[in-house]
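Here is what each chain is made of, one letter per residue.
Protein chains: 2
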Amino acid sequence: MDLKIPSTGKKRVVIIGGGFGGIEVAKKLKNLDVQIVLLDKHNYHCFQPLLYQVATGGLEPGSIAYPLRKFMQDIPNGLFRMAEVRHVDTAIQKIHTDIGDLHYDHLIIATGSTTNFFKFPDEVSDKMMQMKDIPQALNLRSFILENFEEALLTYDEEKKEELINISIVGGGPTGVELAGALGEMRKNILPKDYPEIDFRRMQIHLFESSDRILSAMHIDNSSKALKYVKDFGVNVWLNTMVTDYNGDELTIADGKKIKCGTVIWTAGVKGNPIGGLADAAMAGNRILVDEYCQVLHHNNIYAIGDVAAMINEQFPKGHPMVAPVAIQQGDLVAKNIIASIKNKEIKSFKYFDKGAMATVGRNKAVMEAKGMRMGGFIAWLAWLFVHVMTLIGFRNKITVTLGWLYNYITYDRTLRLIIRPFKNNNEKQ
Amino acid sequence: MDLKIPSTGKKRVVIIGGGFGGIEVAKKLKNLDVQIVLLDKHNYHCFQPLLYQVATGGLEPGSIAYPLRKFMQDIPNGLFRMAEVRHVDTAIQKIHTDIGDLHYDHLIIATGSTTNFFKFPDEVSDKMMQMKDIPQALNLRSFILENFEEALLTYDEEKKEELINISIVGGGPTGVELAGALGEMRKNILPKDYPEIDFRRMQIHLFESSDRILSAMHIDNSSKALKYVKDFGVNVWLNTMVTDYNGDELTIADGKKIKCGTVIWTAGVKGNPIGGLADAAMAGNRILVDEYCQVLHHNNIYAIGDVAAMINEQFPKGHPMVAPVAIQQGDLVAKNIIASIKNKEIKSFKYFDKGAMATVGRNKAVMEAKGMRMGGFIAWLAWLFVHVMTLIGFRNKITVTLGWLYNYITYDRTLRLIIRPFKNNNEKQ
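Each protein sequence line maps, in turn, to chains A and B.
Residue 430, in the numbering used here, is where the first sequence stops; the numbers in between run on with no holes.
Residue 430, in the numbering used here, is where the second sequence stops; the numbers in between run on with no holes.
Just so you know, the hints here were simulated from the structure itself, not pulled from any lab data.
Don't take each hint at face value.
Intra- or inter-copy, both count: the list cannot distinguish identical chains.
Pairs of lysine-lysine residues, derived as DSSO-like cross-links and limited to a Cα-Cα distance of at most 30 Å, are as follows [to be verified]: (1) K398 <-> K188; (2) K28 <-> K95; (3) K398 <-> K336; (4) K160 <-> K42; (5) K193 <-> K95; (6) K12 <-> K28; (7) K128 <-> K42; (8) K188 <-> K28; (9) K193 <-> K28; (10) K128 <-> K231; (11) K42 <-> K188; (12) K120 <-> K271; (13) K5 <-> K128; (14) K31 <-> K188; (15) K231 <-> K260.
Taking the hints into account, I'd like the entire structure generated from these sequences.
Next up, the structure:
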């Protein structure tokens, strides 16, 4: 059945995904004489770079989420539907969603990425935690705290250590920032909450299959970050592949086993495409696009951000799956749609690399941009500033700033709450 | 099996429930030479009077929750366990919980209250929403927003109205404050989020079985509050019993039916006792206590707050189930335990009635204390002040104040997020 959408007689631009890329397109098309339909399975935009702070009790989910309906209030020619898109029928220019079908004139696929567990079977990956959206981050927060509560109850020292140990697989920015935050919690917060636990026995492991963490950054920054996470007492395992996990014990490539009740997988992401595109338009889980972000072999379909693979000499595997690429590609697609409607020339994509940064707990971060590199306190301040400024919404900027200020001054993270909304009986659906 | 608790050789005071009453006892016993064990099924204290603000997107759950482990950091002779208490075996002075058994020397039952659906069978009450804890409040928030999303999808006008209509059963403070907040949202927020919905068709109903709302307050305040909620466009049905609900349609006593997809039940609470007490110690769901809060027919067991029924001439049905009673009874029990250990005289309970207040949306509230009565803006400011000051924790005071300030200035409530933490596959338990 067709999705109910007010008919305006105008060309319809459908944007799938309210992440960094999708909302950029909507913003830039707000004065164009088209109907914009933004779709997302959540009713909010999530600022993913700070998810690890929600998982570690430093920020509220509401501080990094922004209601998409509020965002759409500034897009007079747009409307929002909460929907999961299943596939596209390019022959009739329609997408099929869980709430109905929808015709498009221009389709922008901005569906981002999901966790990539590579060859792990479900029975292994299901036992690992992931952190790609707010429900997962809240779940991780509750899970770690529940394990600590359980650790107090056992007389078995080995079981206790298993419950309090945390392993992070993947030494990219997410893994490193999470390891830093957990190291800080072990040092400053958890011992006060759990005086009965001997925290010298709590191990935080960080596994990285290559020979350095933050391998997308300069080698000097990798070394600095390595020192910072080690200073927080994190055990870093370089050149180490995790090969198995049974819920209690992690196995690494040489057969060694590590007792660990919580394993957080940050070692891979993959594109999250929709079905219905030509096989020749797919590169694994990413969608192949030309230099205008147009999906190969299809008309009026664009893909941007994590889900898009624009392959060229400089980026033989496509662009990095980070927010700035999504935002810049969103901007380009919007401008090209405007240009094509006005019969002007469309432009090709040129990635402006703003650099990279990662924070490692209190006072420490690394950053690099345009050949400049920096580590330590100033980099940490810069990290704070950039993240606050790129958050959407004035309220979120303020609450994050004040939350951080409070956490910094008090050495505390007060949101150590085990909230499990579904453990009650008045769920109607 | 016995619960693992460090043995100190000291007398053990076990407090069941980390609500207003329970934490007051712990606070007042912190210098006594006993071991305090605080138990709660959640790992946080919840400031229940503001739950309706969480349900309506005005406050984050973290702003009204306070981690009990953080609270216990100031109680050097105390420890916390997250546990659900099943029953007490008074003969051997032990309680049985989901995590093990525990001996007590003094037992304080501060288990509060739960929703009372009276004679409704489960198939009716399961279709109504309740709002007695944070998971329920978050669930209600998501449920209302999901209904609005669904309303956009239907061509059936009747179905649409059913989805957007909200009924509140019970004209006590919770029902009235919730009705005010929803009325305000319909006026200032929802029309901007859902421009496709005609809000003249959205009905907010408030049902009260007696002849006035806020019947515990002076009749003048009932009248004022009635005017305030009506000004927000709420339909108030006095002298009206709700007799049935099938998920789509509410039935009232005269047989009239009202289309309504969301029904929130605030019309009754009942004590939430533990099992194992003598029948003669129970008055329905409340536990009978003497003037010292000691449970009748038992030794070394106290009940305080909502779950306790101290019946005397002035309070033939027991004291009102409100926070000040719980706090004052907690204070009394702590002092009497100290007195009895020091062989001093114990004191009987005298309720100091601080008055009552309720807010009805923006700028409006009613309050009364010691014969003084007030309504309007000044009462509203007083309501804000009292609630902020009684919140636990400096951070919560600040975040609530700033959140309210933001909401007030912008006429907005930004937390319109549908967060359903359990809809993902990495739940391990």
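Structure-based check of all given hints:
1. Both within a single protomer and between protomers do K398 and K188 lie at most 30 Å apart by alpha-carbon distance, with minima of 27 Å and 26 Å respectively.
2. In this assembly of identical chains, the alpha carbons of K28 and K95 lie at most 30 Å apart only when taken from the same copy (23 Å versus 63 Å across copies).
3. Proximity of K398 to K336 under the C-alpha cut-off of 30 Å is restricted to the intra-copy arrangement: shortest distance 28 Å within a copy versus 46 Å between copies.
4. In this homomeric assembly, K160 and K42 come within 30 Å of each other (Cα to Cα) only across copies, at 23 Å, whereas the closest approach inside a single copy is 39 Å.
5. Proximity of K193 to K95 under the C-alpha cut-off of 30 Å is restricted to the inter-copy arrangement: shortest distance 28 Å between copies versus 57 Å within a copy.
6. Taking the shortest Cα distances, K12 and K28 sit within 30 Å of each other inside one copy (17 Å), while across copies they are farther apart (65 Å).
7. When the C-alpha separation of K128 and K42 is checked against a cutoff of 30 Å, the pair qualifies both within a copy, at 24 Å, and between copies, at 25 Å.
8. For a Cα distance limit of 30 Å, the shortest separation of K188 from K28 across copies, 26 Å, qualifies, whereas the shortest one inside one copy, 43 Å, does not.
9. When the C-alpha separation of K193 and K28 is checked against a cutoff of 30 Å, the pair qualifies only between copies, where the shortest distance is 17 Å, while the shortest distance within a copy is 46 Å.
10. In this homomeric assembly, K128 and K231 come within 30 Å of each other (Cα to Cα) only inside a single copy, at 26 Å, whereas the closest approach across copies is 53 Å.
11. When the C-alpha separation of K42 and K188 is checked against a cutoff of 30 Å, the pair qualifies only between copies, where the shortest distance is 27 Å, while the shortest distance within a copy is 38 Å.
12. Proximity of K120 to K271 under the C-alpha cut-off of 30 Å is restricted to the intra-copy arrangement: shortest distance 13 Å within a copy versus 53 Å between copies.
13. In the homo-oligomer, the alpha carbons of K5 and K128 lie at most 30 Å apart only across protomers (27 Å), although the nearest pairing inside one protomer, at 40 Å, exceeds that limit.
14. For the identical chains of this complex, K31 and K188 are inter-copy neighbours only, at 26 Å across copies versus 48 Å inside a copy, given an alpha-carbon limit of 30 Å.
15. In the homo-oligomer, the alpha carbons of K231 and K260 lie at most 30 Å apart inside one protomer (20 Å), although the nearest pairing across protomers, at 61 Å, exceeds that limit.
Comparing the model with each earlier hint shows no violations; every hint is respected.
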